[in-house]
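These protein sequences, in sequence, are chains A and B.
Just so you know, the first sequence maps onto residues 1 to 112 in my numbering.
Just so you know, the second sequence maps onto residues 1 to 110 in my numbering.
Treat each hint with caution, since some may be false.
If the Cβ cut is set under 7 angstroms, some of the chain A residues that face chain B in the computed set are [as the list claims (entries may be wrong)]:
#1 Gly42
#2 Leu46
#3 Phe65
#4 Glu100
#5 Phe103
#6 Pro105
Hint data in this document are derived by calculation from the structure and do not stem from the laboratory.
C-beta atoms are modelled at their ideal positions from N, C-alpha and C, and glycine is treated no differently.
If you want the building blocks of each chain, they are given just below.
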Amino acid sequence: DAGVIQSPRHEVTEMGQEVTLRCKPISGHDYLFWYRQTMMRGLELLIYFNNNVPIDDSGMPEDRFSAKMPNASFSTLKIQPSEPRDSAVYFCASSRRTYEQYFGPGTRLTVT
Amino acid sequence: AQRVTQPEKLLSVFKGAPVELKCNYSYSGSPELFWYVQYSRQRLQLLLRHISRESIKGFTADLNKGETSFHLKKPFAQEEDSAMYYCALSRGSTLGRLYFGRGTQLTVWP
């Protein structure tokens, strides 16, 4: 099993552009989490899904951020329009009704 | 509300010295506590959980409900222990959701 897969691994974009991050969870996992990691704020939970349904999106910074999970094997996190302060590493993680979350390698986003 | 606090953002020790990474929590119920670790260029991964009462890579952590702490300890640090460590809490009633601290970057000098 390749584990949680994220793409792209690195993204550099200009302010104002739309950014889409992708995640494929581990097969059979019914929880999916999106996190943002920065030096200043550490690891922040943005949103999480259970059985493809968003459960808690209170961590989503603002309306510029949106996340979808159209099926059990795919999720996206979209930022539109992007801003320099969105620069961070974005992690996707999945789990199966347990506290052991399996993290992807992350997407390093740079907004210039 | 629940909260996990890691008071040290950075911690440096020399190889062979004892190391303790502090974690305090606030939660009115019965939490489950965990330590996650992220080595350089690797994925964040579970290191240990308090209910297992196990030692992983020489690390141990004891849940102290009186002091609401879950400090991570190792008697003799190794260079390969250098990593970012996150303390996390589960409310138990909310399956899947973890509350993470802000992390402590541990550097072990040779």
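Open item on the list: For a quick check of understanding: which of the numbered hints are violated here, in increasing order?
Closed with: The structure conflicts with hints 2, 3, although it agrees with all the remaining ones.
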